[in-house]
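Asks: Based on the sequences and whatever the hints tell you, model everything.
Chain order of the listed sequences is A and B.
Start counting the first sequence at 2; every next residue gets the next number (the working numbering).
Start counting the second sequence at 93; every next residue gets the next number (the working numbering).
Hint data in this document are derived by calculation from the structure and do not stem from the laboratory.
Misleading hints may appear alongside valid ones.
[Said to hold, decoys possible] A few chain A residues facing chain B, derived, Cβ under 7 Å:
no.: 1; residue: 40
no.: 2; residue: 51
no.: 3; residue: 61
no.: 4; residue: 85
no.: 5; residue: 109
no.: 6; residue: 111
no.: 7; residue: 162
no.: 8; residue: 165
no.: 9; residue: 166
no.: 10; residue: 169
no.: 11; residue: 173
no.: 12; residue: 176
no.: 13; residue: 180
no.: 14; residue: 188
no.: 15; residue: 189
[Stated by the list, open to error] Pairwise CB distance ranges (calculated):
no.: 16; chain 1: B; residue 1: 138; chain 2: A; residue 2: 152; range: 24 to 32 Å
no.: 17; chain 1: B; residue 1: 286; chain 2: A; residue 2: 129; range: 40 to 48 Å
no.: 18; chain 1: B; residue 1: 142; chain 2: A; residue 2: 46; range: 21 to 29 Å
no.: 19; chain 1: B; residue 1: 121; chain 2: A; residue 2: 164; range: 25 to 33 Å
no.: 20; chain 1: B; residue 1: 286; chain 2: A; residue 2: 193; range: 56 to 64 Å
no.: 21; chain 1: A; residue 1: 49; chain 2: B; residue 2: 148; range: 48 to 56 Å
no.: 22; chain 1: B; residue 1: 286; chain 2: A; residue 2: 46; range: 38 to 46 Å
no.: 23; chain 1: A; residue 1: 136; chain 2: B; residue 2: 449; range: 33 to 41 Å
no.: 24; chain 1: A; residue 1: 150; chain 2: B; residue 2: 385; range: 43 to 51 Å
no.: 25; chain 1: A; residue 1: 134; chain 2: B; residue 2: 286; range: 53 to 61 Å
Ideal Cβ positions, reconstructed from N, Cα and C, are used throughout, including at glycine.
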Amino acid sequence: MPKERIRAYAWEIPVRLTHWINFVCIVALIVTGFYIGNPYAHAYSSSQYIMGWIRFVHFTAAYFFLMSLVIRIYWAFAGNRYASWRVWLLLTKQQWQDFWGALKFYLFLSKHPPCAVGHTAIAGFTYFFVFILFGWQILSGFALHSLTHTGPLWFYLGGWLTGMMHMQTIRLYHHMATYVIISFAVAHVYIAWYLTLKERNGLMGSIFDGYKFVTGKEWE
Amino acid sequence: MDCSGKHDVVSSEGTIYESLLKKGFSRRDFLKLCTTLTATLSLPAPFVSRIAEALETKKKPILVWLEFQDCAGNSEALLRATKPTVGEIVLDTLSIEYHETIMAAAGHQAEKSLADVVANHKGNYIAAVEGSIPMKDGGVHCCIGGRSALEIAREVCGNAMATIAMGTCACFGGIPAAAPNPTEAVGVSAAVPNIPVVNLSGCPVNAENITATVVHLLTFGTLPALDKFNRPLFAYGKRIHDNCERRAHFDAGQYVRRWGDEGHREGWCLYEMGCKGPETFKNCPRIKYNDGTNWPVGSGHGCIGCAEPAFWDRMTPFYERLPQPPGFGVEATADKVGLGVAAVTGAAIVAHGIGRMISGKNTRED
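Replies: This is the structure:
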């Protein structure tokens, strides 16, 4: 029973671009990060430079990731309403209603999928925590980097943390946060796929071309 | 007490140079020693003559060595020096007025010599402290001559020109301060705040670093530049991992995976065996131990991070890369917990999918 749908432009270019830069960076960071934590492939000759290159990729990807986040945070203030920082927080009564509505749907208590042109209330709120998680990874990453990089710049970027937390504690939480990000990624893709089927709103495709198909009610 | 200004370290007899000549040092040996100390202090070559001048002219400093909750391992590290070395400078050519392990005096006679130093050389002697100071129950868990370690430290370190904390226990509490820390042990600077303390951490301390610190005090009249844990930057400014003789194997990707495997026999990197070189700051790779004979990594064992605060709690397990996650059993590693989290997420998704399949609500019904 196809309803009349409006083709709505939800995700502007910076949103899509940073999403895919994040994706590439996070995959690279996870793969290289696990190698650094536990070097699973061994060199057969001392003239190789496996750990050296792996660390190079890890640090480079981290800088790309950071810049991508900077752009995305800028766009949270400069972009359209669906990219706004407001959707990351439950500020209005409507957002709370949407939040409980979406939660009920995921827990099989409701048959109505959450509908939104932008993020659903749960998704927005989740991204708030995901951004905190990303921020922790960057901060703790710089803190660990400051062990060899001395000077005021590195101190302000993360070196100050080593005065408050033990280096091994920072390392442990940097490592464990990776698993939380992996768990998020799994849930993120599943829910996106699931909602695409349920809502038939082109959610999965929207991150490529920016358009979602929404009913008139949602567009209001 | 202010240690930024110039001080003259007063002593009863002669200079360090004179003592060395009496011990049979030649002028050449003396200058070699000065060069070694200049290098240990990470100073450029022109400073050799300045250090030589200081050792020739400044009177021998008075030093008292206090032992609290310790194993005397730092004293042993000095005593085990085999040839006329920097270690000997500290023991033989400094004017050591009190050292429980090596002094001849005993009982009240020994305690009197300590009291005499504090009374007669107030502000002009160096206090060396070995071992941690218990704070629980007013400090009764470590008493010497009827007085608590805390009381002695307050008096002796409080009146010293500077205090040198010898070894990790005196610096940060060390092993006595490891969880659950039954005596509430702390390092000197925590027990006696607001006094000038140089922390020479490590288990044990290196004789070279002690001598270099004392010589810095003699030559320049000030404490050396310190890091955030009050450790001299000349000895604790660089990470072990960055100066390690096995670093090339780390970058190449050649690691020891089991004790005694081929990589271990080839002298590869001990990173996978839990080496804490990447989080430990000390000059071990450069000056080593026992007169520069060897150091842990050189003998095929990873660094355990003994020079860092809380090493017994946070650098453990010594043979794993990461510490244990808090709130889990001793067998849990970060990876097991992480895989658990990922597995729970996967399971939740599968359950959700199956739940939807069973409920059969596959179409939107609004």
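Asks: Look at each hint and say if it fits the structure.
Replies: Now the hints, each set against the structure:
1. 40: At about 6 Å, which falls below the 7 Å cut-off, the nearest Cβ of chain B leaves the hint on residue 40/A intact, so it holds.
2. 51: For residue 51/A, the interface hint holds, since the closest Cβ of chain B sits about 3 Å away, which is under 7 Å.
3. 61: Residue 61/A check fails; min Cβ-Cβ to chain B is 16 Å, beyond 7 Å.
4. 85: 27 Å, violated
5. 109: 6 Å, holds
6. 111: 10 Å, violated
7. 162: Because about 12 Å separates residue 162/A from the closest Cβ in chain B, which is outside the 7 Å limit, the hint is violated.
8. 165: With a minimum Cβ separation of about 11 Å from chain B (threshold 7 Å), the hint on residue 165/A is violated.
9. 166: Violated. Min distance 10 Å.
10. 169: Constraint on residue 169/A satisfied, holds at 5 Å.
11. 173: 5 Å, holds
12. 176: With a closest approach of 5 Å, the residue 176/A hint holds.
13. 180: 3 Å, holds
14. 188: 6 Å, holds
15. 189: 10 Å, violated
16. 138/B with 152/A: 24 to 32 Å: Between residue 138/B and residue 152/A, where Cβ atoms are some 26 Å apart, the hint holds.
17. 286/B with 129/A: 40 to 48 Å: 44 Å, holds
18. 142/B with 46/A: 21 to 29 Å: 47 Å, violated
19. 121/B with 164/A: 25 to 33 Å: Since the Cβ atoms of residue 121/B and residue 164/A sit about 42 Å apart, the hinted range of 25 to 33 Å is violated.
20. 286/B with 193/A: 56 to 64 Å: 59 Å, holds
21. 49/A with 148/B: 48 to 56 Å: Holds, at about 53 Å.
22. 286/B with 46/A: 38 to 46 Å: 56 Å, violated
23. 136/A with 449/B: 33 to 41 Å: 38 Å Cβ-Cβ, so the 33 to 41 Å window holds.
24. 150/A with 385/B: 43 to 51 Å: Violated - the Cβ-Cβ distance for residue 150/A and residue 385/B, about 33 Å, lies outside 43 to 51 Å.
25. 134/A with 286/B: 53 to 61 Å: 41 Å, violated
The structure shown violates the earlier hints numbered 3, 4, 6, 7, 8, 9, 15, 18, 19, 22, 24 and 25.
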